[in-house]
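Using the sequences provided together with the hints, build the complete structure.
Number of protein chains: 2
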Amino acid sequence: MAKDNKKLVEQITSMEEDFTQWYTDVVKKAELMDYSSVKGCMIFRPYGYAIWENIQRDLDARFKATGHENVYMPMFIPESLLTKEKDHVEGFAPECAWVTVGGENRLSERLAVRPTSETLFCEHFKNIIHSYRDLPKLYNQWCSVVRWEKTTRPFLRTSEFLWQEGHTMHETAEDAQEETLRMLKVYEDFYLESLAIPAVTGQKTEKEKFAGAEATYTIEPMMHNGVALQGGTSHYFGDGFAKAFDISFTGRDNQVKYPHQTSWGVSTRMIGAIIMTHGDDNGLILPPAIAPIQVVIIPIAQHKEGVLDKAGELYDRLKAAGVRVKLDDDDTQSTGWKFSQYEMKGVPVRLEIGPKDMENNSCVLVSRVTREKRFVSLDDLEAEVNAMLKQVWSELCERARKNREEKTYVATTHEEFLDIAANKPGFIKAMWCGDSACEDQLKDQTGGVKSRCIPFVEDHLSDICVCCGKKAKHMVVWGRQY
Amino acid sequence: MAKDNKKLVEQITSMEEDFTQWYTDVVKKAELMDYSSVKGCMIFRPYGYAIWENIQRDLDARFKATGHENVYMPMFIPESLLTKEKDHVEGFAPECAWVTVGGENRLSERLAVRPTSETLFCEHFKNIIHSYRDLPKLYNQWCSVVRWEKTTRPFLRTSEFLWQEGHTMHETAEDAQEETLRMLKVYEDFYLESLAIPAVTGQKTEKEKFAGAEATYTIEPMMHNGVALQGGTSHYFGDGFAKAFDISFTGRDNQVKYPHQTSWGVSTRMIGAIIMTHGDDNGLILPPAIAPIQVVIIPIAQHKEGVLDKAGELYDRLKAAGVRVKLDDDDTQSTGWKFSQYEMKGVPVRLEIGPKDMENNSCVLVSRVTREKRFVSLDDLEAEVNAMLKQVWSELCERARKNREEKTYVATTHEEFLDIAANKPGFIKAMWCGDSACEDQLKDQTGGVKSRCIPFVEDHLSDICVCCGKKAKHMVVWGRQY
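Read top to bottom, the protein sequences are chains A and B.
All residue numbers for the first sequence refer to our numbering, where the first residue is 23 and numbers rise by one.
All residue numbers for the second sequence refer to our numbering, where the first residue is 23 and numbers rise by one.
No lab work stands behind these hints: they were computed from the structure.
No experiment lies behind these values; they were computed from the predicted model shown.
Hints may be right or wrong, so weigh each one.
Copies of one chain are not kept apart here, so a pair can be met inside one copy or by any two copies together.
[To be verified] Each computed DSS-like pair below joins lysine-lysine, with the alpha-carbon atoms no more than 27 Å apart:
(1) Lys424 to Lys395
(2) Lys341 to Lys159
(3) Lys61 to Lys424
(4) Lys472 to Lys378
(5) Lys207 to Lys412
(6) Lys348 to Lys159
(7) Lys61 to Lys159
(8) Lys172 to Lys51
Put into structure tokens, the structure is as follows:
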């Protein structure tokens, strides 16, 4: 048993040794994805896609609870439509995939495979918004988008990825600004409650904001190795697109006005964030809310009389209680192999049941995070399982919070900033003057440390910019990113 | 009230007058879709997309109950991959959209936007199937696909559409053949139980089968006007793709073998089928299982004391009972306008509650199909509403069955066939020799009547082919199609 266990664990590189290789090993060994001959694109295998389905179900309920409706727009954008908003097209045109032949004919106008759908939504909004009574429009779309990438990594950066994009139109700027922050809060709550990831949130600097937006807000979780991942963004557009697309409405005062717009999105990158925030040297660890299997039942000495019957009974009870449970009664694999296998797949709780447990009317629950073993009475099975699932969630949250806090540093001088950037992977809190030239300089000097965001709650670390020494306007959280 | 009612109804063309225009009017007025500047593509508006979400939820549960798992493959297919199976590429290459530019560079190999994903699944199957222990693989994918169409109609034929495609691999030909028929049965059950559409099922002739398949089975509902719609197909591939893609496995006897394959799919065309099977001159009629709103509550004289409170109470009770219910308490619209509006949107049951009903502790339920009014006691609200929803389903099934039976004709001679084809829209049952030349001839002579399928249960109408007079092999159901 110990031997099998060791063998499987040896198949993946340790995090300390090579984090990048560890990540690649985990996504393959946990059977989340596979490569295909389509450059830059990936295959979501059943276990990986099931995580995405759980994410979708959870988020979709949150969107609907806040009044949003789902729609579906075409996947193609004619070039003339994409170029209607100047900043937007500059941001996206260089990374589009272009369809130039349809059927057997060269197209008179080439079509971009959507990199994002603001322009399509705007065209539609123009048709359906005429009066203040038509507002707000609160739309969301689940789809895949394409951004041509040179270097790709599974889930984190692929030429095609799956996401949701919310697009809303409002009567006033205030309504739209409220919506922008409301949806960032929905993301923040989802990250914490469902993904067990406590993340920094705040506003992007002018330089880092979305192409065409007036303001971009972001959620920035830190990965186990101290690198940031832009986990989701919410944009306030003002009436810029509305003007470019000539979308107007008759207001309550009978005057013609432009509506105010938002968009917000999260993607399958979140699966990458889950892996790199929670995983360990034994593989994946999945937060219970989105785990395809929340509890795996492993019968011990399953050839002994009554063991499989009892395991089946516990399976039925947990299933009836709404737990996503799997019973592995495969008799061609050893118990040790199964332990390793479900640890690799990140199943939050393992339930062991064998002849001795049955004598005591109990079973064993094991947390994937701490490996704590708990002997629980079968009388309290459902309550104990739910308690351990909650415990796993809270252990994951705490560990991630601790990691982030330990890897967040304060720099008050330029030297200190460069020293931390060179030697300590993580976030750097430092004051900034508001000039993008300082962002450029810090990025160049550190080989890639960028402003993550101006957090909603800023500390006052000093009066001067950590780069140029001029008067500071904001505290910024800085870091390298995926 | 009567005036308002009339006004709204007048906005759509009657079915008898112009079925095509009626269809276009319904999809627009019921707010199912909108056009966009993307040629051949359509926008799914919230109400239309909500129907698709309900269809997805229902079908997805049926797929999972039969052991299938969801995956997601790339949306692009390199040309060299698409051309690996000869028949397949001949069928699809002429209608592909081709990406030739990625980022700012011309691609060395052009990529088809997937018209269907057999080739991608095969490439993946080659990687993951090695032993009989790896079989069966029972996969499904929800996605959008693109087939470049010259003439398009909302839901029925668009260059991009949404669908599911099942792809499975099996140890033996028998297993794969069973799967092919099992999934056709899943479709047949879904059409009847959830869409209230009783449809003809059977096997496609050699000429009409899917590009690359050994056998194609089909479900063929008849629309109200007698025209057929290919409602879903299930294909048996044998080991043709497996050989072309070099997918093999070690069998139980230690011999290397090729696995046997199936694929099966239904699409957003089904929404077109629902509209054209059930709709009437007042608009859409939705089967309860997939209706976004199953019951709409319209308060009568809602300014009277207690009416809105009571309506809200009924709303809460129905919602708690799991009914998808909407309360329309908008006081800027007349009751008559609301009646027409929800008839247009095809809401299966209307619930009216006013002061008089309250005095009697009752409310009124109205079936969208027959307009039958039923006064029911509020004590039995949930049971009565569920009974009327069931009744609506059964009324729709019966009406569709009757329409199909009335519009199905038997032809035993060539002249009879041509006469029916010219004068009576509907299905024609007629004997056939098995030669595709006869299919071609009948299609040419009738301007488009094609074989729909060889039904699973054939009548013996005569001994000779209705076209050439040679010995008949099968009874075929013939008809025009969307």
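Intra- versus inter-copy proximity for lysine 159 and lysine 348 (alpha-carbon distance at most 27 Å):
Cα proximity of lysine 348 and lysine 159: across copies only (19 Å, versus 42 Å in one copy).
Is it within, between, both or neither when you check lysine 472 against lysine 378 at 27 Å Cα-Cα?
neither (57 Å within a copy, 69 Å between copies)
Regarding lysine 61 and lysine 424, is the shortest C-alpha distance of 27 Å or less found within a copy, between copies, in both, or in neither?
Intra 38 Å, inter 53 Å, cutoff 27 Å: neither.
Quick one: lysine 424 to lysine 395, C-alpha cut-off 27 Å, is that within a copy, between copies, both, or neither?
within (23 Å within a copy, 64 Å between copies)
Using 27 Å as the alpha carbon limit, work out where lysine 61 and lysine 159 are close: within a copy, between copies, both or neither.
between (37 Å within a copy, 25 Å between copies)
Checking lysine 172 and lysine 51: alpha-carbon separation at most 27 Å within a copy, between copies, both or neither?
within (25 Å within a copy, 45 Å between copies)
Given identical chains, is lysine 207 near lysine 412, meaning Cα to Cα at most 27 Å, within a copy, between copies, both, or neither?
within (22 Å within a copy, 42 Å between copies)
Indicate which option fits the pair lysine 341, lysine 159 if close means a Cα-Cα distance not exceeding 27 Å: within, between, both or neither.
Answer is between: at 24 Å across copies they meet the 27 Å cutoff, but 39 Å inside does not.
Of the numbered hints listed earlier, those contradicted by the structure are 3, 4.
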